[in-house]
Structures are given as structure tokens and as C-alpha cells.
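Novice: On the provided structure of chain S, position chain X as indicated by the hints.
Below are the chains, spelled out letter by letter.
2 protein chains.
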Amino acid sequence: MQKRSEETRSRILATSLKCFAKHGFNESSIQEICQETGVSKGAFYHHFPSKQALFMELLKGWLDSIELDFSTSQQESVPETLMHMTSILPAAIASADDQLPMFLEFWLQASRDQNIWKVTIAPYRHFQGYFEELIQRGIDEGSFYDIDPKPVAQVIVSMAVGLLLQGLLDPKGADWNKTARESMRVILKGLAV
Amino acid sequence: MQKRSEETRSRILATSLKCFAKHGFNESSIQEICQETGVSKGAFYHHFPSKQALFMELLKGWLDSIELDFSTSQQESVPETLMHMTSILPAAIASADDQLPMFLEFWLQASRDQNIWKVTIAPYRHFQGYFEELIQRGIDEGSFYDIDPKPVAQVIVSMAVGLLLQGLLDPKGADWNKTARESMRVILKGLAV
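If you read the protein sequences in the order shown, they are chains S and X. Counted from 1, the first sequence has number 110 at position 110 by the numbering used here; the numbering is strictly sequential. Counted from 1, the second sequence has number 9 at position 9 by the numbering used here; the numbering is strictly sequential.
No lab work stands behind these hints: they were computed from the structure. Treat the hints with care, as some may be off.
To be verified - Label-pair restraints from in silico Cβ distances:
1. S:Lys41 to X:Asp175: 42 to 50 Å
2. S:Ser50 to X:Arg181: 39 to 47 Å
3. X:Lys3 to S:Lys118: 45 to 53 Å
4. X:Lys3 to S:Ile66: 52 to 60 Å
5. S:Leu68 to X:Asp148: 27 to 35 Å
6. X:Arg125 to S:Lys41: 42 to 50 Å
7. S:Leu68 to X:Gly142: 40 to 48 Å
Where is the CB? At the ideal position from N, CA and C, for every residue including glycine.
With the rest of the complex left out, here is chain S (with noise of 0.2 Å):
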């Protein structure tokens, strides 16, 4: 009983993901997500309390899988590590088909309301402080000269985002695949001793 309760809250999960990438967060109804995921109401708010609720998990899991890959990027050295982890975006952006509306309707949903917004935003501060940690210890094992890691870890966060939105875009517009390492190249070298 209790693996079918998941399993339907994976289902509502799957199939409200795809309605909002299709319609918008603000056009799709709970009942349109009960009618195409075949659930009744009961069923849906004994998962979620609201609409929101059930946005701030989709979110969340998003977040959690890239920090999952982060997690399994760890390499000698910390410039080996920063160079692993470019590895991560091309296959973010090849599996993430449908997901470039699903990611804006975050940031949009983010930008009008509060509570959405801190959810939205702790992430952001906390990979920030994640990479602020590696810039540190890349100054520690004598790989990098000594900088403010700060707005080191700002640029990564930044040059992330904005790698993985313009190759969601723009999936042809360049190799982002070659970009990625380039641009992490000319970091590392901004970065050496």
C-alpha cells in the first residue's frame, strides 16, 4: 500500500512537470494534473496541500540531481575537479529537453512570489558557498594563486546558469560540450599560480 502511495505521487510528480512545461505554472489546474496522471483530488492533496507545494518539489528535485552529480565529480586535484564537473553540463542540457520552460517558470515564479523565491534562491547562495569552499581548497593545495574566493565561485555559479540557458535555447547554437572546457580552461589558467 504504501509503494503505490509513492508510486502515485511519482506520477503526479512526472505528469505536472510536463503540464507546467507545456502551459505554464499559472495555466495548469490541479484538476487537468488529477485528469492526465488518471488520480482523483483526494489522491493529489493527500500528496501535496497546494499547487505551490507540488512546484517546490519539482524544484527541489531538480536541484538535488545536480548536486548529486556534483557530489560524484570529486577528482585528485581541485582544477581536475572544476574540469570533471564541466562534464555534467552537456547531459544536462541533452536530457533536458522539455525542461528550459520548467526552468524559466522557476526563476518566473521565483521573481513574484516570496516564498517561492527563497526556495528558489537558498540553492543558489548554497552552491555558491560550495564552490567558495573548492576555490579555497584549490588555494590550499597550491593549485591557484591567493584570491578572494568569493567572486571566484560567483563566476562559476554565473557561467553555469548561463551555459545551461543558452544551450537549452540554443542546443545548436554552439559545441557547449567544447565551450564548457574551454571557458573552464581559461579559468583554471586566470586562476594558476
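Specialist: For chain X alone, coordinates are given in the frame of chain S:
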């Protein structure tokens, strides 16, 4: 008479920018825009054949203003020009109080509509070409080592997009002025001969 007509056109553009930013593209009707502007539907259609055409005019105006900022940034050398350009970002963030939703709406509509996509993507490719030429000039003047300008131009465009987006979404999350300058410094060091 000509002057009044242009004035009406400007007022429709200003009102629709507010409507789209506040309620989104889909939720804003021509009727609502006309009411808020205080013009008839006839006057509206005299200037814009459709809501989409109006939307694309707004997009074009926004991109033209960035173009203008770039063209006034020319300095002695390419590294100096690039450093000077970083000063555009904080101003863009500061003056774009209400513009983040609009900015995201552009991309969201682009991801859903082939016509808007073409209009949205064209200037990125144009900026891309602009920075490619600038990097090539930097190589020619002896400021940069002999690197492929394409991925370098892409990293600059990506960084700008990412910084703008983060700066708009989280204005207090960092000193974006300092971040833009420090980021460019790292990249310039990475490009230096």
C-alpha cells in the same frame, strides 16, 4: 499629429511592459493593455498587428539599449574595453527593478514559439559574433595569446547572462559590481600572453 501617434505608441509599449511583467504574457490581454493605457483597440491595432508583435518590439528595444551600452564602451586596448564593459552590469541590474519577469518571459515565450525564438536568439548570436571579433582584435594587438575566439566569446556572453540573471533575482546576494570586475580580471589573466 505624427508626434501624438508616436507618443501613443510609446505609452502602449510602457504600459504593456508593466502588464507583462506583473501578470505574464499569456495573462495580459490587449483589452487590459488598452484600458491601462487609455487608448481604443483601434489605436492599438494601428500600431501593433498583435500582442506578439508588441512583445517583440519590447524585446528589440531592450536589446538595442544593451547594444548602445556596448558601443560606448570602446577603450584604448581590448582588455581595457572588456573591463569597462563590466560597469554596464550593475547599472543594468539597478535600473531593471521590475524587468526580471519580463526578461524571463522573453525566454519562456521563445521556448514555446518559433517566431519569438528567432527574434530572441538572433541577438545572442550577434553578441557572440561581436565578442569573437573583440577577442580576435585582442590577439592581433598582442594582449591575448593565440586562442580560439569562439569559446572565449561564449564564456563572456554566458557569464553576462548568468550574472544578470543572478543579480536580478538576488540583488543583495553579492556585490555584483565587484563580482563582474573580479570575474573579468580572472578571465583576462587567463587570456593574457
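Novice: Should the hint that Lys3 of chain X and Lys118 of chain S are 45 to 53 Å apart at their CB atoms be regarded as holding?
Specialist: holds, 47 Å
Novice: Is 39 to 47 Å respected by the C-beta to C-beta distance linking Ser50 of chain S and Arg181 of chain X?
Specialist: 43 Å Cβ-Cβ, so the 39 to 47 Å window holds.
Novice: CB of Lys41 of chain S to CB of Asp175 of chain X, is that within 42 to 50 Å?
Specialist: holds, 48 Å
Novice: Given the hint of 40 to 48 Å, check if Leu68 of chain S and Gly142 of chain X actually sit that far apart at their C-beta atoms.
Specialist: holds, 45 Å
Novice: For the pair Lys3 of chain X and Ile66 of chain S, does the Cβ-Cβ distance stay inside 52 to 60 Å?
Specialist: With Cβ atoms ~53 Å apart, the hint holds.
Novice: Given the hint of 27 to 35 Å, check if Leu68 of chain S and Asp148 of chain X actually sit that far apart at their C-beta atoms.
Specialist: With a Cβ separation near 32 Å, Leu68 of chain S and Asp148 of chain X satisfy 27 to 35 Å, so the hint holds.
Novice: Measuring from beta carbon to beta carbon, are Arg125 of chain X and Lys41 of chain S in 42 to 50 Å?
Specialist: holds, 46 Å
Checked against the numbered hints given earlier, the structure satisfies every one of them.
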